[in-house]
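Asks: One letter stands for each residue in the lines below.
Number of protein chains: 2
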Amino acid sequence: MVKEHMEQISKGLEDINLKWTKLTSIDGEKGILKYGGYKIEDIIKGKALVEEVQYLFLHGELPNKRQLADFQGKIHDGYSVPKYVIDAITNLPYESDAVALQMNAFAALAATEKFKWDKQADRDVAAKVIGNMATITAAAYRHISGMKPLEPEPSSSYAESFLKAAFGKKPSQQEIDAINTALILYMDHEVPASTTAGLVVVSTLADMYSGIVGALAALKGPLHGGAAEAAISQFAQIGDPAKAEEWFNQNIVTGKSRLMGFGHRVYKTYDPRAKIFKSMAVDLIKNNREAEKMYKIALKVEELGIKNMASKGIYPNTDFFSGITYMSLGFPLKNNIYTAIFALSRVTGWMGHFIEYVEEQHRLIRPRAVYTGPEDRSFIPISRR
Amino acid sequence: MVKEHMEQISKGLEDINLKWTKLTSIDGEKGILKYGGYKIEDIIKGKALVEEVQYLFLHGELPNKRQLADFQGKIHDGYSVPKYVIDAITNLPYESDAVALQMNAFAALAATEKFKWDKQADRDVAAKVIGNMATITAAAYRHISGMKPLEPEPSSSYAESFLKAAFGKKPSQQEIDAINTALILYMDHEVPASTTAGLVVVSTLADMYSGIVGALAALKGPLHGGAAEAAISQFAQIGDPAKAEEWFNQNIVTGKSRLMGFGHRVYKTYDPRAKIFKSMAVDLIKNNREAEKMYKIALKVEELGIKNMASKGIYPNTDFFSGITYMSLGFPLKNNIYTAIFALSRVTGWMGHFIEYVEEQHRLIRPRAVYTGPEDRSFIPISRR
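Protein chains in written order, with our numbering: chain A, 1052 to 1436; chain B, 1052 to 1436.
Extracted from the complex, chain A is given alone in its bound form (with noise of 0.2 Å):
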């Protein structure tokens, strides 16, 4: 009976479209990922700032001068949160989960913030809330590892003002460099479950706010943004490139376990993305020798993954090398502080997702359930159970 059933299941919603979107393309078996028509490696390559990526998510457009420091000045204007959001973060014990810490924060922004969705309002809103995650992020790194929270100064770069606030001191322009390249390659990835979870958020017309709530809840997960965090656990686990090999014939040539940050619902060949985060390491991790043991396990790891699964279309994702660039630039690997990260750029493909939604395409998500349990039982009182 079951199994009939399940033909009427979407499972997972696989192939089913929920929206339209002008933000992200993907075409996953030739690898190829495009915000808004341009080519990220063109991005990348083009030296654009988060904030021009940031505001062609928010516009359809990349901004020109004028318009990107107007864009800067909204986001500074978020920089500053009420002390209640902070102390959200700073209440909770230092063990916390860093990903459940930004949602304890952009809860206390739901509870006390008035939002109504608005076309004129909803952009500059999100520029603000970009800021506001600069802020959020910095003090719940700083948060879980003992320190206060220091409040991003403007700068003429977001990667550079959320560096700062997160160590307390000017970070060099190769780091400046590599997180804002991080925030760009992350931002957006068309509907994966945490944008899902925002939309149908939104759907019911709850804040903004919310939404985001809503998706980190699902960025939590292991399945997806812990898988960062997971695929450099499963290098330090390893511990030495030379027991790569007896580690992969044990645990995935068995099955025993997944290969972390290999293989993805829409690449079916390389994830562009982890190929520009690969090249970025060669460099970074001269800085940091914990994350140079890591990348040379991860080279070993990559070729093994490879020779066994790469006719399976299973390549490395962007997760498999991202994690080596956050523990180069002196991310301790805890506290799911990479996730955190992770959300620190999706928050604006998430943003921009709500509002290509509401405002153009709005429809409540409630989809059906088959029923498939006992038809009719008379009730009995519990005097004669």
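Derived by calculation from the structure, the hints in this document are not laboratory data.
All values derive from a computational prediction rather than experimental measurement.
Keep in mind that a hint or two might mislead.
Just so you know, same-sequence chains aren't split out, so a pair can sit in one copy or run between any two.
With a Cα cut of at most 30 Å, we get these calculated DSBU-like pairs of lysine-lysine [as the list claims (entries may be wrong)]:
{"hint": "1", "residue 1": "1170", "residue 2": "1307"}
{"hint": "2", "residue 1": "1307", "residue 2": "1215"}
{"hint": "3", "residue 1": "1062", "residue 2": "1170"}
{"hint": "4", "residue 1": "1062", "residue 2": "1073"}
{"hint": "5", "residue 1": "1165", "residue 2": "1319"}
{"hint": "6", "residue 1": "1307", "residue 2": "1167"}
{"hint": "7", "residue 1": "1167", "residue 2": "1385"}
{"hint": "8", "residue 1": "1358", "residue 2": "1081"}
{"hint": "9", "residue 1": "1062", "residue 2": "1385"}
{"hint": "10", "residue 1": "1307", "residue 2": "1165"}
{"hint": "11", "residue 1": "1165", "residue 2": "1199"}
{"hint": "12", "residue 1": "1134", "residue 2": "1098"}
Position chain B against the provided structure of chain A, taking the given hints into account.
Replies: Same frame as chain A, but now just chain B:
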């Protein structure tokens, strides 16, 4: 072009089956709602405790006396929550949205609780969460009312323990019965937006608490959980039964406003829950003059609504009369607290669906989007824009 794409989109996921369920079945044409094969009217007539129905949702059968006592013990264990969970509520301004306060409390649990999906443990965690939710909801109500939270005391009735923690005094049997019935009536309704959002979250194998946060975020929206409060707000706006017809003609007949608490994606006839709320209100309103006035206005609006819209399959839904119940019990119409009481009930349905999905039909939820933006654009660096 957009029109052509729209045909490929499953808007609002209408008529898409997301999962199977043994929890709830709805016959929208005939107005029949059953939990696990038991008609909702029979459950209410049989004087079931809300705990019996919660048990049914988690275990598939009604409990016998011993099972019920065990289950209540597990719920009682959840009445105590860590201090930082209560602080996550009281840290926020008194003006906060009550559902967002619940989101903060569950995000605090998501930050710290060690949770792994596990068939042996999921139902015990769920029972504890039902306890947590009474504490959190009572605390949210007391906080928005400027009162210090009180922890619920274990008793033979969840409804009684909740009301006593909310109001700080022993409730009457009539009040206990009313909230007990309301908590049963709102417990589940297949896969509306909140349940869907939560399912997307747990499909990433994020924890139970994060799933609840995602569901709460969706429930917060005015098109979903906010409807009970919106309906009674409309009655308050009318202010007098004698003014109902004029208001209806000026606002609803003209299409200027939508009649809140009327119409449902699934029901095309009178919502069976609305009938129960309506009949319960007759006696309850005698305790509260404001609620009595709202009820008289509601009866008039109902009559006009049915005359105008019944031919289109638009009838009162559960939210039309439920706010009057909450008001009769002494909950004020403010800060979305009626939606928070909805969540107090629905959290069991959410967890029942999460458990069904993760344990028996798990698949990462990852739909697609149709790309409608520019095909190929050349990236021009900002120096030349």
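Asks: Each hint: holds or not?
Replies: Verification of the supplied hints:
1. Only between protomers do residue 1170 and residue 1307 lie at most 30 Å apart by alpha-carbon distance; the minimum there is 20 Å, versus 51 Å within a single protomer.
2. When the C-alpha separation of residue 1307 and residue 1215 is checked against a cutoff of 30 Å, the pair qualifies neither within a copy, at 42 Å, nor between copies, at 51 Å.
3. Taking the shortest alpha-carbon separations for residue 1062 and residue 1170, only the inter-copy value of 21 Å comes in at or below 30 Å, while the best intra-copy value is 34 Å.
4. Taking identical chains as interchangeable, the C-alpha atoms of residue 1062 and residue 1073 lie at most 30 Å apart whether they share a chain (26 Å) or sit on different chains (17 Å).
5. With identical chains, the CA atoms of residue 1165 and residue 1319 are never at most 30 Å apart, being 43 Å at best within one copy and 34 Å at best between copies.
6. Proximity of residue 1307 to residue 1167 under the C-alpha cut-off of 30 Å is restricted to the inter-copy arrangement: shortest distance 18 Å between copies versus 49 Å within a copy.
7. Taking the shortest alpha-carbon separations for residue 1167 and residue 1385, only the inter-copy value of 18 Å comes in at or below 30 Å, while the best intra-copy value is 37 Å.
8. Within a single copy, residue 1358 and residue 1081 get their C-alpha atoms as close as 19 Å, which meets the 30 Å cut-off; across copies the closest is 59 Å, which misses it.
9. Proximity of residue 1062 to residue 1385 under the C-alpha cut-off of 30 Å is found in neither arrangement, the shortest distances being 33 Å within a copy and 40 Å between copies.
10. Taking identical chains as interchangeable, the C-alpha atoms of residue 1307 and residue 1165 lie at most 30 Å apart only when they sit on different chains, with a minimum of 23 Å there against 50 Å within one chain.
11. For the identical chains of this complex, residue 1165 and residue 1199 are neighbours both inside a copy (28 Å) and across copies (25 Å), given an alpha-carbon limit of 30 Å.
12. Taking the shortest alpha-carbon separations for residue 1134 and residue 1098, neither the intra-copy value of 35 Å nor the inter-copy value of 48 Å comes in at or below 30 Å.
Checked against the numbered hints listed earlier, the structure breaks hints 2, 5, 9 and 12; every other hint is satisfied.
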